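Participant: These protein sequences, in sequence, are chains A and B.
Each residue of the first sequence is one higher than the one before, counting from 1 in UniProt numbering.
Each residue of the second sequence is one higher than the one before, counting from 1 in UniProt numbering.
What the hints contain is simulated information worked out from the structure, not anything from laboratory work.
All values derive from a computational prediction rather than experimental measurement.
In this text, a Cβ means the ideal position worked out from N, Cα and C, and glycines have one as well.
There could be a bad hint or two in this list.
Cβ-to-Cβ under 10 Å is the rule here; a few derived chain A residues that face chain B [stated by the list, open to error]:
no., residue
1, Asp41
2, Gln46
3, Asp98
4, Lys105
5, Asp128
Each computed DSS-like pair below joins lysine-lysine, with the alpha-carbon atoms no more than 25 Å apart [to be verified]:
no., chain 1, residue 1, chain 2, residue 2
6, A, Lys176, B, Lys408
7, B, Lys259, B, Lys234
8, B, Lys528, B, Lys475
9, B, Lys489, B, Lys519
10, A, Lys170, B, Lys475
11, B, Lys453, B, Lys408
12, B, Lys453, A, Lys105
13, A, Lys176, B, Lys530
14, B, Lys441, A, Lys170
15, B, Lys402, A, Lys176
16, A, Lys170, B, Lys453
Residues per chain are reported as follows:
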Amino acid sequence: MFTVLLAIGILVLLSLIFGAILGYANVRFHVEGDPIVDQIDALLPQTQCGQCGHPGCRPYAEAIANGEAINHCPPGGQVTIQALADLLDVEAVPLDGDHGTENAKRVAVIREDECIGCTKCIQACPVDAILGAAKQMHTVIADECTGCDLCVEPCPVDCIDMVEVGVTAKTWSWDKPQGIAATSLNIIATDRQAEVTH
Amino acid sequence: MQVGKQQTANVFSFHGGIHPPENKAQSLQLPLGRPSLPNELILPLGQHIGQSSRPLVKVGDKVLKGETIAINNGFLSSFLHAPTSGTIAAIEERLIAHPSGLSDLCIILSPDGNETWTTLEPLNNWQDISKTDVLAYLSEMGIIGMGGAGFPTQVKLQGAHKNPLTHFIINAAECEPYITADDMLIREKTLELVLGIEILQHLVEADNIVIGIEDNKPTAIAALKSVLTERNSKIQIAVVPTKYPSGGEKQLIQLLTGKEVPSGQYPADIGVLCQNVGTCVAVHDAVTLGKPLISRFTTLTGDALKNPQNVEVLLGTPVAHLLEYADSEPKKLSRLIMGGPMMGYTLDSAVVPIVKTSNCILAASKKELPPPAPEQACIRCGMCEQACPASLLPQQLLWFSKSQEFEKAEHHNLFDCIECGACSYVCPSSIPLVQYYRHSKSSIREAREANVKSDLAKQRFEARKARQDAEAAEKEAKRLARQKATSDKATDKKKAAPAKPAPTAAAAPVTSDESKKLKVDIAIGKSKLKKLQKQLLEAQENEHVEEINSLQLQVTDQEKTIASLEEQLAQIPSAAPAAPVANTAKASPAPVSDELKKAKVDVALIGVKLKKLQKQLIETPDDQELKDKISAFETDLKAAQDTVSKLSENTQASTSTSTAAAEPKASISDELKKLKIDAAIAKAAVKKVEKALKKAEEINAPEIDAIRQQLKEAQQRADELEKALANPEATAPKAVPAQAKPATNLDADAIKKRKIDLAIAKAGVKKAEKNIQLLKEQGKDEAEINASEWPSKLKEAQDKLAALEKDQAAETSTPSVAKEASAPAATTNIDADAAKKRKIDLAIAKAGIKKAEKNIQLLKDQSKDESEIEASEWPKKLIEAQQKLAALEANESAPAATPTPASSPAEKTANSTADSEAKVEPEMDLATQIKKEKIAVALAKAQINKLNKRLENSPEDANSIRQEIGAAEKRLQSAETLLEKLIHSQTNMQENR
Ligand code: SF4
Ligand code: SF4
Ligand code: SF4
Ligand code: SF4
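Looking at chain B on its own, in the form it has when it is part of the complex (with noise of 0.2 Å):
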């Protein structure tokens, strides 16, 4: 048959393209070589356009020749083999080959020289397994497109399938000067090359195939042709003429099928798809010997190689290595350039590794390559279109490219620009026209992509918007059912208040006072709600949850209580005795907390008003209407007190026969919140009659032995209410084994707090320990140390610790004791929250030392002396914070006392608990504003020993130095006075307690 003509095919041509010298014949010379085991290979996990694969293995790891070492990390990755057997050396960023010059994740493999194979697993029976079995065989095998891009071969033969294909065009052109590496392949592996061509047409089953090959290459093509013939086969030789860069991919297809690959389309698109020769021996490799891709042909060329040629080389193999094998010329070498002389890029350093797509080491020499000629204006010569083999106007692109013009230049399609560099190339102006389009392509790309990203932020932040908008509208609803809801009650109180005085007409005027003081009552209540509804929202708009909650809680309750109030109120016109509220409160027996809570209120209000007159009276001792007012509110005050008592027993009574007690502990743990309070009120209250006895002493007024009484009558007060306080809290562990269940979630939070106590109570004591040495290695004697507050710190921390350990010890023993041990854990549960807070607070205070501490460090190291660094705001700060931290350590450990019930009974805790939040606050205004006046007078003198030393080094501007000093001086002397002003007061406070 005419064999020869069906193994020739038509051959069409493209427009534009250019002849530049050859250069292939000096790296046939030589036959394939084969180059010994470099010391080290290195593999880039990002051989491929696509994601990074996925390294398989870890340092250390023994592999062997062919193993998996990396997997694809997504639809456009690939696998990655090794290439030798040996033991993986590292996975590290190192140089890799890119144009960049950056380096990339790396997996080091170091040879241990023997070569042994893993278990070969040829896909024998590909022909009758399924095309999708072969592709995802291929793709294990770490097959890519080996002509240039990289593209996953598999991916690339999925996309083949989108319309029905023409033509299966291989690619042999290999149109750039220098590079010989596909011819040599074909000669070496015609076989290989024609059986790896025919399992691709069994995957993609096109009508037409055809191999093209440039003129140049005859040998390559006559071994072809014999193989071809030999097998009887399909497939098609075209023959193309040389010229550059007839091997780009859409070029080819155009001289082998007349067709052009239209704009922003893929030759897919048109039915075509293109393999280079060296991926088709990579896939027969695969297929029928089960050898993945780990290696390739690479040419080494150029003047500075005394032996120029071709060698088969492992994947990963540093150039440095192929140079010493091709013997270089150090002193000739002027550029290395991977890749070809048109397409290539400069590579700045010559330990960076073959990898998958490296065709073509060019060591070229001065001579050869010659520094490109400096750029000039474009003359608009037109030599750039004519020889572009896109039919692009090059000028235009240059233009936009240099104006920025990028949507311009899109429209001039610059994307259709193959960077071929014949542009460059033939350019009089030698304008690196191409440089020009590679940046604007990125530059392009770039914005692109933070296009994609602004997008998604913008949506992002829309539907944050959205949300939060939602969020706000839901909250104004329910603040505004809630608003309704309380007018409504108001509306309904109006009208129940006109009702009211008619029947009460002969009533005792105690009546009315009681509605009185519950409408009082009523009106506090609903002013207290408000509060709570307007710090709910505010939480709620900062999304505080936790706040949200309590707050919640707080304003149910105090919506029941002024419900209840208002029954009462309703009530009292009916009731026909003139009682007391302590009597109403015991003949209806409505919620007994609520009773409680009520009767606390008269006793807050009655203290009130007690107080005013009191101060009254201190103004205008001789009023007897004023006294006897003030003896009928004492008398008032009892009563009420004696019903909070008789209330709170009541409380205990009913807590510990109901057996579902979860609500009424609320209520007394409630309730004692509230006692501590009134304990703390009583005590001022006390506090005050006993200055205004100091002061009626000063005066000597008559009055003394009755503020005397009254003072004695407030502390009784007060003893009272310190011991109601205990009550309720010593039935609180007998409560809470009768209600086992749900005192173990409250078990589960209080060892958690309980190990962050400890953890912090540790890291106090090393504090305390490390602050001890500090001040030793400052040479402090003995003395000192312990007149310092940090022995007495570090003992505190440490029984703090030793508490929480033993309690911790306790709860992890006997389950049974833990639930003893939860009872005042549970009491000191309203602390739980504060605590938190609290040790927010002091993570914060000690990030703040942290800073303060580090910016000291630096202005030290910038050699600044101390004055300066006294003068700079750190010092200050550094010392604000400590103060703060301290004081909230202070505060730490006052409620972090309360959860140690084996060494103090509850009743003393409680106290002492009050006590400390009564006294610490004001202490703790007046310690900071001493310490403020001390670092006011600090920085006052370190200024003064400034200007005076400005003063003795400028005597010229002496005057004006003096006056600041003058300035400073007085400005120390009023530190100083406020100073002793404040430690005055002090030491007055502490004497009062």
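Same shape as in the complex, but just chain A (with noise of 0.2 Å):
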């Protein structure tokens, strides 16, 4: 009887102590924020161009930790999806269709002798890529264009052109090899015959 006393007692006393570290641990090493969140849009291609229907990247990844589906971002296409599933442990689907469709990067380009001043595109600019002012010429900051589109529809005047971002000798990447070629099956002769005859 005594043993069993002791035995709760002592179990008692562990999880009291081990209650305790773990609520100080909850304390003292608070995370601020989300993580989840902060993942998922550390993922997210920044573009902020609202295609996903939220008003930024952020808030997209908001949606997604509350179980929206992982495939509606068009610029960050086939990648960003494969790595929100890696992220989220669920299953990498192909990009939704109805929120456009995966482009080659482009940047926003300014007809600048066309352009009125009208300082429209520098509001719609979701990273201040636009550089000018009222009734002066504008003109984009190509390195800092994420190439999100929003700036095109509110120029009265139509001046700004989308254009697709070339690849050069420095942004150049090798081609993935083909892989095992469909001719390598059967490369063996009797291999050949046997696909034949089946």
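Fit the two chains together into the complex; they arrive one by one in their own frames, and the hints show the way.
Facilitator: Pasting the structure below:
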């Protein structure tokens, strides 16, 4: 009987100690904000285009954390979907076509002699990539432009073009090899026959 | 001494490595060749790692051999020099030697054949001057690592000082098959090499200097040894066994020092510096001879060349030129490779130039380099792991690369792979492993860059949001403050209200009327204020800067008005006599303009009431009471109007007397605006009464006379107002010269505005001319053209232009006149904002037209037939846009006419402005509607046409099509009737006028 009581007493003591430690750790190492949202946000392309139906990437990150589908971001494309799927441990699905298609990287270019200086595009640009002032010619800082398209619509004289960013020798990257080619499957003569007979 | 011992060093070994056939003998049969000058030299601006150089020359410049033609563009960049004397033929995109087969910006030099050197300035005192200066000199000589990557040498040397240097290693291993350029370089330039190493040693001061060379270069080793012995040098030679890739930097370091460069670190981190022999020779040439890097040793080899050999070639020489020099046999040539067979890449074209890092051109026959066998599945044999000199697990890396699991690949040290190709070489399944790694590496790099960019975008986005939030909060705070202020005032008023009736018990009812009126005024003013504040808030939210300013002004004005009204309200009870408003105004000469304003508000109020009563009168023509009331009001109105005119006279007086006339002047322009509005209102009233008269006439009412009387009065009122309107304006020119200084400010604005007007007028003239021309081309006869609006428009535009030009000339010729001229400009200052806005609208409308025209053209190009085009939305849009433009232009000409005082007196101008403002709008509305209906009619007709056509083509669905036709016809009919109605009402309106 005593041993039983002793065992219970020890267990109670242990649980109290660990509870205290955990409680302390919870206070001491408290994490501000919602870490999962931050992680999701870090994977989104930050184009801030709103094609996902949210006013920017972070709201979409929050929506994903609350269970929205992960395939609503066209600028991120399949790569982002894959990354999100890995992070959230869900299945990677193809991009939802309703929200747009994955396009080559583009930047906005203002035809400067047609600009009337209305500042409408400045107000539209989510990343302050447009430089100008009222009644002055405006221009896009190409390096800062995320290619979100948002400045095109508000321009009253239609002088903003979205120009694809071409590949230069410096930005070029190696292609993925073909992989195991179909022809290599029947490299052995008997294989080929087998294929024919089947 | 033991010289021999001094010159050889210990040799360790590294993991893996392979022994491919060497194939080095072919290119060593012939002595060093020196190809002739090609027709042009192509010099890419990005021959090194880092930022592309910036060209220093222009097309057509003459340059001498060795002259700088491009300078560095940042820290990690290099200089570029003319390899020979000649002319810069172009600076353009050309194909470059790059695995992508893309082009890049190149300077094209056409040689003059003289090889005239520029003045060479060797750095003979390199031992005495500071090392930084020597490094800078090396950078200016365009020296970069000639082994492979093309890392700017001075950057590498600077980096070497991070840790105390234990080893300075000269890389002469040249392990890749076929290549013998370094071998030949050592043989030909042994002394230069050693001198170069000594210069570099002076710069880096390492403990040990070791030349690492493979044992398959006995001639070069012997030559080196003899020179070193001769000079009694400290430099050691380490002969390493032939094994690929012993020439890899990290592998050679391991061979010579036994130390491994840790993953992700540089040789400098373990106190080792590595330099290629080519770089050492280039350093020597630069420092002691003053020659920049303009040529290099390159191996031309391969079965497709009859005379494989090493050549000293000028940078920029096209590969084709070298192939020709080495007698290539195009038939045998199956693959052209830049670099060696292991690490080189295939060239798609032979027009690419030799650059600073090109060590070999391999023109291989099919037999020599057969196309790679098809890839098979990995059998996990582990041979790649055995061969990998970087001790990686290639098959694991392959797995991750194939499945795009880049993170895992990175964990397996993908970036330590030197892309030597040993694994691919040994792989029994012929998997192009290196290609997978290259792909993965570039994908990862891209992702990293994208990450950096997205982080930046996020930062900027968040910064913007924070800024906007702060602005919104500020606005909210301001709004709350204002709200509080108004509610305070309201409570003040409430407090004041109950105090009032008691003492005025005995006073005439007029006083209570007065106070009532004032209260109404206050209420009206407050609601106006609220509206203005709302607008202001909106403007602030939308960041419309100019609007904010003007609105702010109006708000303060309004606040002032309310305050003064409240003051009056408070005063009324104490004012014993039942004085009309006018008397109060006269008795207390408070700000005259305020009085004026108030008086005018009264006028407007009475007018409104009058109108209401008149309406009632029309409905119940026999009501005597109403008539009485009306006449009472009319007397009131007259009194108020008198006040207005008196007050405006007062204002004139005060304006002309005051020297610091800035404020009164502003109020004049305000007054003017208001007066104009009043005039417009009065006119509208006249019109209404006229209408009422007509109606009355129709029903033969007995009140016709009364109404006629009203009409007369209303007209009188309008006239009076117009006169009043003219008066302050007349004073304006008087006032302006008195305040010359503030006027200059206005001048600048006015001049700018006039210039814009001028440009617009010119464009208008041009357009009109063009249109006339167009009409002529379309074979319209003169009468038709004249009937069209264009000639009149042209004339108008020309007149405007002439007037504007006259103004302009006057302004530029005599500044004193400019002041005069600015007076009307100042009066139209209020219009400036509107004009600006209108102009922008104009631009927008024009853009719209352009767009529509473009789209129509596009449709035409696509050979759509007319009806289809018609059916599309574009013609409609075009017409709409044109209409808008025309309307805008009409608007434009109205205010534009104001600043032409040379031709028209101020009075007239003002009248016409008011007129046109009053008239244009309803007319425009109607016109728009009419045009819309016309379009609808056209559309319906087009549809019917189309349906008829379809009916012919497909008689099967005749019934349904007929039904559709019926529906369309119905639509057409209704549209036509509507159109008729509209046109009718338009003519009516015009007649009315
Ligand atoms: S679609 Fe993608 S890039 Fe655009 S706002 Fe949404 S998450 Fe950001
Ligand atoms: S410039 Fe235009 S396309 Fe580029 S980020 Fe700004 S709004 Fe988007
Ligand atoms: S290419 Fe990379 S993985 Fe393959 S053997 Fe060379 S270093 Fe190792
Ligand atoms: S050598 Fe080729 S087949 Fe063998 S383990 Fe490596 S990749 Fe697989």
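Participant: Now tell me, hint by hint, if it's right for this structure.
Facilitator: Each hint, compared with the structure:
1. Asp41: holds (8 Å)
2. Gln46: holds (4 Å)
3. Asp98: Interface hint status for Asp98(A): violated (23 Å vs cutoff 10 Å).
4. Lys105: holds (9 Å)
5. Asp128: holds (5 Å)
6. Lys176(A) - Lys408(B): holds (17 Å)
7. Lys259(B) - Lys234(B): holds (22 Å)
8. Lys528(B) - Lys475(B): Measuring from Cα to Cα gives roughly 20 Å; hence the hint holds.
9. Lys489(B) - Lys519(B): holds (13 Å)
10. Lys170(A) - Lys475(B): violated (47 Å)
11. Lys453(B) - Lys408(B): holds (23 Å)
12. Lys453(B) - Lys105(A): Measuring from Cα to Cα gives roughly 12 Å; hence the hint holds.
13. Lys176(A) - Lys530(B): Outside the cut-off at roughly 66 Å; violated.
14. Lys441(B) - Lys170(A): The given pair, whose Cα atoms are some 14 Å apart, holds under the 25 Å limit.
15. Lys402(B) - Lys176(A): holds (8 Å)
16. Lys170(A) - Lys453(B): holds (16 Å)
Violated hints for the displayed structure, listed by number in ascending order: 3, 10, 13.
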